[in-house]
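Participant: Below, each chain spelled out in residue letters.
Number of protein chains: 2
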Amino acid sequence: MTKKRLKLGIFGFGCVGTGLYKVLEEAGSVEANIKKICIKHADKPRPINKKYFTTDKEELLLDPEINVIVELIDDAKAAFEIVSKAMKNGKAVVSANKKMIAERLPELLKLEQTYKVPFLYEASVCASIPIIRNLEEYYDNDLLTSVSGIFNGSTNFILTKMINDHVSYPVVLKEAQEKGFAESDPTLDVEGIDPKYKLCIILFHAFGLITQPKDIFNFGISRISDFDLNFAQQRNYAIKLIAKCNKNGNEITGFCAPTFIEKEDPLAHVKYEYNGVVLESAFSENQLMIGKGAGDKPTGSAVLSDISALTYDYKYENKKYKHVDKNLKLVNNGTYKVYVRYNDTFSNFEDFSSIEEKFTSPYGNYFIGSINLETLSQSQWIKNKNINIIFIS
Amino acid sequence: MTKKRLKLGIFGFGCVGTGLYKVLEEAGSVEANIKKICIKHADKPRPINKKYFTTDKEELLLDPEINVIVELIDDAKAAFEIVSKAMKNGKAVVSANKKMIAERLPELLKLEQTYKVPFLYEASVCASIPIIRNLEEYYDNDLLTSVSGIFNGSTNFILTKMINDHVSYPVVLKEAQEKGFAESDPTLDVEGIDPKYKLCIILFHAFGLITQPKDIFNFGISRISDFDLNFAQQRNYAIKLIAKCNKNGNEITGFCAPTFIEKEDPLAHVKYEYNGVVLESAFSENQLMIGKGAGDKPTGSAVLSDISALTYDYKYENKKYKHVDKNLKLVNNGTYKVYVRYNDTFSNFEDFSSIEEKFTSPYGNYFIGSINLETLSQSQWIKNKNINIIFIS
Chain E
1 MTKKRLKLGI
11 FGFGCVGTGL
21 YKVLEEAGSV
31 EANIKKICIK
41 HADKPRPINK
51 KYFTTDKEEL
61 LLDPEINVIV
71 ELIDDAKAAF
81 EIVSKAMKNG
91 KAVVSANKKM
101 IAERLPELLK
111 LEQTYKVPFL
121 YEASVCASIP
131 IIRNLEEYYD
141 NDLLTSVSGI
151 FNGSTNFILT
161 KMINDHVSYP
171 VVLKEAQEKG
181 FAESDPTLDV
191 EGIDPKYKLC
201 IILFHAFGLI
211 TQPKDIFNFG
221 ISRISDFDLN
231 FAQQRNYAIK
241 LIAKCNKNGN
251 EITGFCAPTF
261 IEKEDPLAHV
271 KYEYNGVVLE
281 SAFSENQLMI
291 GKGAGDKPTG
301 SAVLSDISAL
311 TYDYKYENKK
321 YKHVDKNLKL
331 VNNGTYKVYV
341 RYNDTFSNFE
351 DFSSIEEKFT
361 SPYGNYFIGS
371 INLETLSQSQ
381 WIKNKNINII
391 FIS
Chain W
1 MTKKRLKLGI
11 FGFGCVGTGL
21 YKVLEEAGSV
31 EANIKKICIK
41 HADKPRPINK
51 KYFTTDKEEL
61 LLDPEINVIV
71 ELIDDAKAAF
81 EIVSKAMKNG
91 KAVVSANKKM
101 IAERLPELLK
111 LEQTYKVPFL
121 YEASVCASIP
131 IIRNLEEYYD
141 NDLLTSVSGI
151 FNGSTNFILT
161 KMINDHVSYP
171 VVLKEAQEKG
181 FAESDPTLDV
191 EGIDPKYKLC
201 IILFHAFGLI
211 TQPKDIFNFG
221 ISRISDFDLN
231 FAQQRNYAIK
241 LIAKCNKNGN
251 EITGFCAPTF
261 IEKEDPLAHV
271 KYEYNGVVLE
281 SAFSENQLMI
291 GKGAGDKPTG
301 SAVLSDISAL
311 TYDYKYENKK
321 YKHVDKNLKL
331 VNNGTYKVYV
341 RYNDTFSNFE
351 DFSSIEEKFT
361 SPYGNYFIGS
371 INLETLSQSQ
381 WIKNKNINII
391 FIS
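So the sequences go chain by chain: E and W.
Those letters in the first sequence? Residues 1 to 393, per UniProt numbering, in order.
Those letters in the second sequence? Residues 1 to 393, per UniProt numbering, in order.
Bear in mind the hints are in silico, worked out from the structure with no lab data behind them.
Possibly wrong hints are sitting among the right ones.
[Unchecked claim] The calculated lysine to aspartate or glutamate pairs, modelled on EDC-like cross-linking and capped at a C-alpha distance of 20 Å, are:
id: 1; chain 1: E; residue 1: LYS4; chain 2: W; residue 2: GLU317
id: 2; chain 1: W; residue 1: LYS247; chain 2: W; residue 2: GLU285
id: 3; chain 1: E; residue 1: LYS22; chain 2: W; residue 2: GLU285
id: 4; chain 1: E; residue 1: LYS247; chain 2: W; residue 2: GLU317
id: 5; chain 1: E; residue 1: LYS7; chain 2: E; residue 2: ASP43
id: 6; chain 1: E; residue 1: LYS315; chain 2: W; residue 2: ASP75
id: 7; chain 1: W; residue 1: LYS214; chain 2: W; residue 2: GLU317
id: 8; chain 1: W; residue 1: LYS263; chain 2: E; residue 2: GLU262
id: 9; chain 1: E; residue 1: LYS337; chain 2: E; residue 2: GLU374
[Claimed, not checked] Here chain E is said to cover these stretches of chain W; the calculated rule only asks that three of the stretch's residues, wherever they fall, bring their Cβ under 8 Å from a Cβ of chain E:
id: 10; segment: 26-36
id: 11; segment: 39-47
id: 12; segment: 51-57
id: 13; segment: 240-246
id: 14; segment: 271-284
Built from N, CA and C at the ideal position, the CB exists for glycine as well.
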């Protein structure tokens with residue numbers, strides 16, 4: 001096995017980019033050097049020598065010496081342009097852009113195939129947890145039935161603070177933003193869209209299914225009130241933003257929603273910025289992987305692991321996709337038990353196949369009922385900001 | 001990538017062997033068939049067709065059609081003979097025999113190299129948790145500093161029962177034996193020898209170190225008394241049989257011992273027959289993998305995963321070992337905080353560098369002190385059955 005010497009061209013030098021720089025410096029053992037880093041703002045002060053930086057992306061994409069492009073920018077559209085141009089120019093690509101990968105997987109696969117270059121993206125899902133690599137390499141024979149977990153560190157941090165310190169959502173969000181922990185526009189995280197991107201990537205590597213994020217139901221944590229927190233406390237529940245997919249024959253269901261889980265559930269112990277992934281299979285039963293889901297070094301180390309794998313010519317084989325049952329499809333026909341809290345009145349009980357509990361009071365009202373995922377996702381009442389839903393696991 | 005069609009010759013048809021048979025039947029997707037199974041007792045009733053069975057090992061080892069030998073017997077010496085003969089005959093080998101692998105790794109590596117055949121053994125460490133594969137494939141660039149965890153399902157089952165149900169050691173052990181869960185001679189498990197074998201295998205794949213189990217300190221759970229359990233309860237500790245190795249420069253320390261851990265420690269939530277592995281590294285920080293560490297199907301699925309990997313010509317690259325610092329060595333010079341419970345008197349306080357707490361009473365006595373691992377392992381008083389020690393993490 002001969003090891004390749006890699007020359008890296010990096011796009012973006014934010015949190016993950018600087019993390020990668022740090023781990024690359026400290027690790028030493030990986031045969032890779034940064035040649036050039038393309039950034040947007042030339043004038044920003046940088047922690048390393050100015051000679052590395054350029055604002056001209058062609059300087060990286062057209063440099064024949066650079067054999068790996070590491071794409072670490074936010075903008076999914078610009079990222080796709082960079083990544084596709086890099087592949088067309090015969091360069092291997094490492095990316096952490098979950099939005100781009102989730103939304104444009106068919107095009108990316110085609111590019112990879114046409115130009116015969118590896119395209120790796122372990123850092124795009126749950127940062128330091130090597131979930132893609134494990135789905136690719138280890139769980140290929142196992143009869144996987146479900147992958148679920150906490151795929152977003154920011155919201156898990158917020159929820160942990162809310163439950164542990166009894167602080168309400170707007171206060172924790174403000175604290176997280178002040179600490180630079182949550183984005184100034186936190187929508188992708190708190191509305192459960194970011195974990196949905198990751199779920200799409202997992203669906204591909206776990207089951208070989210290609211799907212669009214828009215086709216998967218998501219609900220966020222921004223409506224969680226003190227009333228909901230009290231309910232959780234009374235029942236001894238934790239609240240986690242859970243993304244989950246199940247395979248049943250040739251039907252896949254998936255969703256991302258806040259969920260009440262028992263304190264005994266292993267995911268209840270996954271706190272703050274940690275992520276956790278549960279793999280359920282016919283033989284090995286439940287497996288759980290826990291690790292930091294955010295932060296410069298944990299994410300940088302996942303990128304570094306991809307770079308290291310490239311020195312051994314590693315690429316995803318996409319075995320599940322290659323052998324996928326052509327009838328495999330995403331359906332939303334599962335029935336879920338849901339807690340619905342409303343402030344004034346609720347008049348859509350007919351959407352529910354059964355109602356288990358009803359509670360009304362001057363402080364707030366809730367009911368617990370079972371509902372089909374399709375009915376839930378098509379409902380109008382769910383758009384009402386005075387209504388909150390939390391799944392019950 | 002062309003997939004090989006495999007013909008399997010299996011040695012042993014106990015718990016893991018039948019587990020493998022079941023998962024192979026159910027999985028379907030793995031291109032492997034059992035051709036012959038070598039067993040010791042021809043007359044035992046078997047759940048599958050008699051034509052598969054033989055008591056003549058040559059029938060498997062000399063059959064040119066059989067290209068993979070799966071070794072699943074208990075006896076480490078006989079296992080080594082089978083495995084070495086199989087490799088000499090050009091057959092790939094899958095094994096679950098941790099004792100054999102831990103004790104005879106240099107010879108096995110030489111055989112693998114000389115006869116150019118893959119030798120895989122994921123099932124030998126923590127059953128369903130793909131720890132070897134992850135150490136081999138994913139953590140090769142990361143600056144790993146420590147691997148630790150619960151590597152033995154039987155003792156974790158016993159400890160969980162003792163703590164949760166307040167049942168004393170002899171009662172739980174008897175229950176576990178009656179259920180066929182613990183061996184009739186449980187020494188390897190309860191004295192912490194089995195997890196030490198696993199630790200040796202981990203040391204090789206994590207750090208490239210070859211060492212002998214006898215050089216690693218171990219202490220078991222058989223002396224844990226009601227007094228110790230009460231102490232744990234008062235301090236809100238869990239007790240786990242922890243195996244751990246640390247790397248510090250070119251020095252490695254390792255041990256296996258019962259350990260008090262905080263209820264907040266993620267390993268405290270790893271209960272019953274589950275195993276848990278904690279990987280500590282400079283960049284990704286703590287990572288935790290949890291899965292079933294015992295049982296026919298979880299272990300069978302790990303064996304199946306190795307078989308599946310062979311269809312793609314997978315082999316361990318042993319990268320850490322190939323690039324190992326020649327000065328890397330096992331030392332026992334760490335200092336550990338230890339709880340020592342004694343029934344009558346204790347007169348070896350001079351072995352401890354410091355004493356933190358002392359307690360004497362008519363019901364029992366203990367002290368907490370710090371001791372060098374080498375001093376502890378060389379001490380005579382530790383052999384006294386009326387003395388119990390538990391590490392404090």
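Participant: Would you mind marking each hint as holding or not holding in the structure?
Facilitator: A quick look at each hint next to the structure:
1. E:LYS4 / W:GLU317: Holds - the C-alpha atoms of W:GLU317 and E:LYS4 are around 16 Å apart, at most 20 Å.
2. W:LYS247 / W:GLU285: 15 Å, holds
3. E:LYS22 / W:GLU285: Roughly 14 Å between the alpha carbons, so the hint for E:LYS22 and W:GLU285 holds.
4. E:LYS247 / W:GLU317: Given pair E:LYS247, W:GLU317 is violated - Cα atoms ~34 Å apart, limit 20 Å.
5. E:LYS7 / E:ASP43: 25 Å, violated
6. E:LYS315 / W:ASP75: Answer violated: E:LYS315 to W:ASP75 is near 39 Å, above 20 Å.
7. W:LYS214 / W:GLU317: Distance of about 26 Å is beyond 20 Å: violated.
8. W:LYS263 / E:GLU262: At roughly 17 Å apart (the allowed maximum being 20 Å), E:GLU262 and W:LYS263 satisfy the hint.
9. E:LYS337 / E:GLU374: This hinted pair holds, its Cα atoms lying about 13 Å apart.
10. 26-36: Coverage by chain E holds for the segment 26-36 of chain W (4 residues, Cβ < 8 Å).
11. 39-47: violated (count 0)
12. 51-57: Check failed, 0 qualifying residues.
13. 240-246: violated (count 0)
14. 271-284: This one holds; 4 residues, not fewer than the three required, reach chain E with a Cβ under 8 Å.
The structure shown violates the earlier hints numbered 4, 5, 6, 7, 11, 12 and 13.
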